[in-house]
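S.K.: Here is what each chain is made of, one letter per residue.
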Amino acid sequence: GGGGITDGGPGEGATSGDIILGMLTPLSGGSAAIGPYMRNGGQLAVDEINAAGGVMGRQLKLVVEDEACDPKTAAAGAAKLVTAGTIVSVGGYCSSATLPTLTIFGKANIPMIIPAANSNDLVKDKLPNVFLINGTGAQQAAAAVEFMKSEGSKAVALVDDNTSYSKDITTRTAQNLKDDGSVAVASQQSVTAGESDYSAAVTAILRAKPDFVYWTGYYQEGGLLIKQLRGAGYTGKIMVADGSVDKQLVSIAGESNAQGVFATMTQTPQTIPGGDQWVATFKDKTGADPGPYSPQAYDAVRVAAEALKQANSTKGEDIITALKAIDGFEIFSGKLKFTEEHTLTEGGFDILVVEGSDFVLNK
Amino acid sequence: MTNVLEVEDLYVNYGKVEALKGLSLTVGEAETVSLLGNNGAGKSTTVSTISGVVRAVSGRISAFGEDITHAKAWDLVERGIVQVPEGRRIFSRLTVHENLQVGGYTVRDTKAIDRRIAEVYELLPRLAERRNQQGGTLSGGEQQMLAIGRAMIADPKILMLDEPSMGLAPLMVAQVMDVVRAINARGTAVLLIEQNARSALKVAKRGYVLDSGVVSIQGSAEELSQDPRVVEAYLGK
Amino acid sequence: MDYFLQLVLNGLFVGSFYGLVALGYSMVYGIIKLLNFAHGDVYMVGAFGGYTLLTFGAGALGGGSLVALVVILVVAMVMTGTLGLVLERIAYRPLRGAPRLSVLITAVGASFALEYGIAVAYGPNPRVYPVGFGNASVTILGARLTVAQLLMMAVAVGLMIALDQLVRRTRTGRAMRAISQDPKACLLMGINVDNVISRTFFIGSALAGAAGVMAGAYYGKVDFLMGFIIGLKAFTAAVIGGIGNLRGAVLGAIVLGLLESFGTAFLGAQWRDVFAFAFLILFLTVRPTGLLGERVTERV
Amino acid sequence: MSKDTHQSPPEQGDSGFVRAVEERGSSVVAAAGKGLTPRRSPGPTAVSRAISHPLFAWAVVAMALAMPFINSSAYAIRISTDALIFVMLAVGLNVVVGYCGLLDLGYAAFFAIGAYTSGILATAFDWHIALTLPFVIVAAVIGGLLIGGPTLRLRSDYLAIVTLGFGEIIRITANNLDFTGGPNGIFGIPDFGSFGLRTDIATYWVTAAVVSLAVLASARIGRGRLGRAWRFVREDEDAAEAMGIHTYKIKFAAYITGAIFGGLAGVLFAAHQTAISPMSFNFLWSALILMAVVLGGMGSTPGVVVGALVIALLPELLRGAENWRYLVFGVLLIVVMIFRPQGIWPHRVSEKQSKIEKRRAEEQAKAVPA
Amino acid sequence: MSAGPTSGAVASTTGAAPAGAVLLEVRDMTVAFGGVTAVNGLSFDGHQGEVLSVIGPNGAGKTSAFNCITGFYKPSAGRVLFDGADITGQRPARIAGRGVARTFQNLRLFGELTVLDNVRAGMHVRLRQNAFDAILHTPRYHRSEQEATDEAHRWLDFVGSTGDRGSAVRNLPYGEQRRVEIARALAREPKMLLLDEPAAGLNHGEKDQLLDLLRRISRLGTAVVLIEHDMGLVMEVSERIVVLNYGKEIADGTPHEIRTNPAVIEAYLGSEDAEARAEAEQVAQMSDEEIFGEREAQS
Ligand SMILES: Nc1ncnc2c1ncn2[C@@H]1O[C@H](COP(=O)(O)OP(=O)(O)OP(=O)(O)O)[C@@H](O)[C@H]1O
Ligand SMILES: Nc1ncnc2c1ncn2[C@@H]1O[C@H](COP(=O)(O)OP(=O)(O)OP(=O)(O)O)[C@@H](O)[C@H]1O
Ligand SMILES: [Mg+2]
Ligand SMILES: [Mg+2]
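Order-wise, the sequence lines are chains A, B, C, D and E. Per my numbering, the very first residue in the first sequence carries number 1; after that it's consecutive. Per my numbering, the very first residue in the second sequence carries number 1; after that it's consecutive. Per my numbering, the very first residue in the third sequence carries number 1; after that it's consecutive. Per my numbering, the very first residue in the fourth sequence carries number 1; after that it's consecutive. Per my numbering, the very first residue in the fifth sequence carries number 1; after that it's consecutive.
No lab work stands behind these hints, which were simulated from the structure alone. The structure presented is a predicted model; accordingly, all values stated were derived computationally and were not measured. Don't take every hint at face value.
[To be verified] Chain C side only, calculated, beta carbon under 10 Å to chain B, not exhaustive:
1. P130
2. Q181
3. M189
4. I191
5. N195
6. R199
Think of the CB as a built atom: it goes at the ideal place given N, C-alpha and C, for glycine as much as any other residue.
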């Protein structure tokens with residue numbers, strides 16, 4: 001990439017050889033657990049597509065760089081991907097770490113199909129090259145409020161972990177609830193990720209006497225929070241957001257405590273009928289269970305391939321045009337069509353519930 | 001008479017500085033030997049090397065017939081070789097009493113420690129007055145007394161004092177010299193470094209004069225106090 | 001339930017838990033003035049050690065019974081204690097006499113090494129303790145406290161008293177304090193400085209290990225970064241209490257715990273640490289040597 | 001010797017640093033029970049003479065500026081820019097810790113203040129980022145006054161915790177407030193402009209220029225009257241006071257200077273990252289900056305620069321290693337420190353004998369007529 | 001404004017300049033630490049150009065008194081006036097700024113800094129140069145740096161320091177360090193110089209050199225206040241002697257008066273047992289010889 005010190009842009013992409021898809025995902029640091037899940041998902045898609053003859057007669061190649069959920073590391077990773085000749089970026093997990101990469105990919109006019117990070121800030125500046133295929137905070141919040149009302153809950157407590165992803169959902173949920181008016185926001189708490197003791201928050205929540213608690217952080221803390229809520233005698237309903245949808249939540253909280261915990265989650269193979277087929281192949285191809293954002297990463301690659309096919313070119317502009325044009329392409333969360341600000345028209349959020357040791361679709 | 005301490009041909013360097021260049025000396029049983037010399041002559045280096053705090057480049061040190069050239073500093077105290085360091089090195093945040101107790105670290109028998117502490121308070125009443133004051137807040141002289149007292153608690157077989165009279169009032173100097181005599185009288189061999197040659201040579205039986213790292217003059221106290229060079233340099237014209 | 005009392009109890013519990021870690025921190029800190037950033041990670045290693053023993057060794061001890069937990073607690077303490085020894089030997093001792101801050105580097109280095117060593121060995125995913133304390137709880141004037149919490153508070157206070165006595169009364173304790181002031185003079189007192197420092201590290205690290213296992217059993221989840229925050233808290237507590245002062249360390253920890261509990265209650269959890277630290281800063285400006293740190297008129 | 005006559009316990013009068021220094025002074029004497037004959041201080045070898053030559057510094061600057069011609073890949077430019085910004089932070093903290101001996105564990109706070117001030121001004125009022133500089137300096141100074149004012153009287157360890165707290169307060173506040181953009185922070189921050197070049201390279205050159213000047217400035221202050229005063233305070237506050245030096249004011253000067261350096265580094269960072277968020281200013285950052293200073297050699301400008309480059313680039317070079325990354329990093333840190341306890345490039349205490357002799361000669365000459 | 005001693009100032013054997021106007025006034029100063037009353041209602045004067053010695057048993061309160069005068073301790077009662085102005089309880093830097101310089105009983109040099117830098121510390125407040133001069137290397141900067149260096153050398157020559165001036169001061173022998181500390185204090189160009197046991201740890205020859213140095217200092221017009229336990233030195237150099245005991249003044253007078261003052265012998269020179277008396281007489285006698293310049297070896 002980018003020879004010469006004057007502009008004239010890298011990222012035109014080589015016209016032969018493998019087509020490089022770059023993926024930023026946390027491989028070190030606190031969120032390191034997610035990295036492999038996403039990489040496996042992406043790799044699976046790449047392998048399948050290549051097996052089917054690749055795109056434009058060329059093979060796809062997935063290059064993964066560490067994002068560490070840290071802006072500086074992410075930016076450096078992005079630059080490295082640019083230098084490596086990335087054609088389409090199919091990564092992005094932590095919103096605040098993804099933000100600084102937007103301009104880097106943008107300047108190299110590399111389209112970004114962001115599988116996990118879903119903060120509306122990502123699309124706020126209406127950058128042409130940024131597309132989100134994960135339901136946004138707004139959509140998830142809407143789904144959550146929907147369900148709270150259907151459950152006839154009166155007082156809701158919202159708890160986030162002070163990260164952008166999580167705070168985004170709580171603030172929007174709170175907003176929607178206020179606008180709607182039928183359900184009160186009893187208490188709003190932010191806990192610090194990485195700690196173990198949430199008794200202070202729990203006490204504050206219980207004091208507000210909510211009948212419904214919505215946790216929008218990740219499963220590590222979510223598990224503890226549920227455990228401590230139940231331990232402190234909370235008997236009301238609990239719901240978690242997609243970041244917490246993982247077997248581990250149940251084992252951390254303890255099965256008894258976790259029974260009946262709801263979750264807002266975009267449709268994934270684990271939940272949609274016939275999905276278990278995909279899960280099986282995933283297991284046997286990658287030798288590991290799919291985890292959070294495996295499906296989204298898988299989809300990101302497929303969408304990228306689709307766009308390349310339609311564009312029949314590796315030029316950024318062409319791919320972007322193709323992405324805009326996509327309509328009805330099947331991904332797990334439903335038929336894909338991007339809105340004006342390049343987000344999913346259909347968030348495709350379902351409600352899951354914990355039964356036994358895992359989440360299942362809530363009937 | 002047998003020597004409790006023998007130093008042979010000792011060489012010590014600090015980086016480039018050659019502090020000792022082939023120094024030899026002996027201390028006999030229950031004998032008081034004084035070590036004179038200008039600033040920088042190597043007196044402190046000598047005792048620090050004997051007590052294992054500074055390492056010799058070459059040479060041999062033996063005490064009670066055993067080679068201790070490479071013995072560990074703390075181990076030497078166990079063997080009864082104790083040093084009152086230059087500049088006192090009081091534990092400034094410990095009380096006077098605690099300082100004395102630490103002095104008896106190697107003594108297992110707590111009774112004995114208490115007994116000796118009592119003795120020290122006897123000999124140096126000012127310390128008794130200050131027993132609960134923090135070492136660091138003592139006056140210069142008081143600290144010097146404490147340093148000496150602290151060394152006594154370990155009941156040394158060989159006691160090395162590095163300029164014990166530094167910062168002491170004349171009266172106090174006399175007292176401290178008495179203390180040294182008393183210690184010596186108990187059969188402890190004493191190696192005494194002094195600037196105050198006059199009083200040193202009164203207490204000591206023999207003496208060495210160090211000059212830039214080697215012994216330049218040695219002899220009995222009388223001989224030394226007669227020796228014109230010594231008189232010239234250390235006793236005043 | 002009595003809200004206010006509940007806040008106090010929460011604070012006391014969290015505080016005494018910080019205290020467990022702060023004790024070891026303060027000991028090591030007191031003797032060689034080392035900002036031991038690896039301390040929190042020794043705690044983390046302890047938690048993982050306990051986890052491993054429970055999962056693989058528990059069978060031998062008749063399943064995940066609480067008896068097993070106690071046995072494993074001891075084993076884990078020995079393990080982490082030894083880890084402390086090794087750390088001191090390879091990472092800290094070679095830097096005696098180097099500028100004090102140099103040791104800070106090796107400490108942070110050790111911290112990274114431990115955290116990511118575990119991350120590599122166990123993978124980045126958190127692990128869940130096979131056993132735990134039940135939810136059995138007592139109610140005091142309408143505020144509830146689980147038996148486990150009471151237990152851990154008792155342990156913290158007990159250990160504090162024991163260590164405090166050790167440092168104040170015993171010969172070794174005096175040696176420790178003396179070393180913290182002038183290691184060289186200590187040699188001349190016949191104190192085997194290295195040996196005493198190693199012992200201190202052993203005790204301090206063993207304590208951290210114990211805390212780690214308890215944390216694992218109580219909270220149920222352990223992960224390779226769990227030591228980082230608690231390490232900072234321990235440091236903070238140790239300093240508020242008065243550096244090197246063990247009673248102070250635990251007292252400071254409890255103050256910190258209460259601050260956090262009330263900070264959350266009054267300002268919301270996201271402002272908790274701001275509240276705690278702001279208070280701390282103001283406090284130190286009026287009491288510059290911490291809660292129990294002795295003040296001495298300077299001698300010049 | 002003074003090594004032995006240092007009576008007042010370090011815990012009292014002097015900063016812990018003085019203790020460190022005092023210990024080092026007599027490190028010739030074994031602290032470990034077995035005495036050790038002191039290793040001779042490294043005499044000026046051909047190499048050390050070459051690198052201590054003023055021209056060497058300029059050569060380094062020239063190399064830094066020429067970097068884009070050597071490797072202009074987006075990645076190379078990006079990490080070099082990051083590294084340079086880190087260098088600026090390190091020399092800034094070096095003023096506080098290295099020169100003045102104040103242990104600051106919250107230096108990232110000033111970095112944050114700088115980044116946010118310029119970030120907000122540049123986005124909310126879309127100013128050119130260069131225009132934000134004066135405001136950044138003001139903000140940094142205010143920050144320094146606020147925290148330094150009440151706390152600089154504290155002893156080093158207590159100062160450490162207070163600064164740490166300050167760092168956390170700034171970060172969390174930025175995370176909780178709306179006008180700072182909450183956890184997502186500020187994004188879409190403009191760069192300095194492209195001057196018809198590739199923007200990242202333009203940014204690199206601006207950064208390189210600013211940082212070079214900063215390094216030069218910090219080195220020169222360190223040698224002047226103020227710099228000496230800092231060292232006096234570091235070595236022995238009482239003695240400094242006795243010489244009529246208002247130690248509190250001097251410490252303040254160090255702290256504020258550090259704050260300004262940090263703030264300016266923040267501007268560079270904001271312009272380079274285009275998006276800033278609280279997690280870029282967490283405690284780990286403060287720790288890393290401090291490590292750069294100590295690893296390089298406290299009080300030694302070239303050392304600190306080297307240290308900063310190591311700390312900034314090593315993890316990046318180990319990027320492929322995933323979780324092994326920091327494992328290796330940590331081990332390397334320990335190894336380096338064990339082999340260079342005083343730092344990679346320690347500050348050499350000595351004035352060139354030749355210079356002295358020359359001045360002596362002139363001096364004598366002047367003296368005769370008098 | 002070339003400061004520093006007029007080079008070539010050498011020792012002369014004629015007595016020091018006659019005492020001038022009052023410079024330092026200590027008025028019933030008291031310092032108490034918890035139980036201990038280190039200084040107890042102490043009052044004395046120091047005159048311009050005078051060499052005044054403060055002696056007394058260990059723990060009598062001499063150093064504490066110094067610490068009060070120089071602002072390191074806050075007196076719990078009483079006042080200190082210097083050059084007409086009340087300096088009670090001011091911070092050390094301000095007092096030093098008024099022209100009071102001191103040395104410490106336990107050397108307090110900047111161990112890690114070069115000998116020259118140590119002496120430059122004394123000039124700090126006088127150097128005309130600011131941070132920007134330093135950054136921009138203005139002519140002003142070069143000038144003041146050069147002056148500083150020259151002056152440092154002059155003072156080091158003045159105190160007769162011979163060691164390497166370009167390397168860390170802590171590597172010098174003890175005696176050298178004592179000299180450097182005095183040079184540092186002199187570089188402050190004080191009206192009054194307070195020396196706390198400058199002769200401690202010096203041997204006979206070096207004490208003679210110190211004696212000569214003290215005389216040359218007072219010839220510069222600097223008043224000297226000296227704490228010393230070496231009677232030989234004290235008796236020879238001082239014009240007046242103040243004797244403390246338990247924080248109180250027990251005598252104030254000329255060396256001869258003091259030497260024969262029973263209270264002083266009782267409290268300080270000693271008289272309990274024969275041994276001590278002998279010792280004391282030794283001292284007294286020795287001083288006599290030196291004062292009346294008798295040259296006669298004795299054992
Ligand atoms: N830590 C050190 N580093 C470098 N040189 C040293 C050190 N300690 C002592 N020296 C040098 O070693 C030589 C002997 O020093 P030593 O302290 O033994 O002399 P001394 O006879 O005790 O003098 P004094 O009467 O002043 O105590 C001196 O030249 C001194 O400068
Ligand atoms: N900070 C302090 N706290 C408690 N007591 C103190 C403090 N400073 C001094 N003292 C006590 O006050 C008395 C006077 O001390 P000072 O140092 O003034 O004596 P001095 O005359 O200098 O004695 P020396 O000749 O031995 O130096 C001493 O008994 C000392 O113990
Ligand atoms: Mg000596
Ligand atoms: Mg004194």
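S.K.: Against this structure, judge whether each hint is valid.
M.R.: Consistency of the hints with the structure:
no., hint, in the structure
1, P130, "47 Å, violated"
2, Q181, "5 Å, holds"
3, M189, "5 Å, holds"
4, I191, "5 Å, holds"
5, N195, "8 Å, holds"
6, R199, "14 Å, violated"
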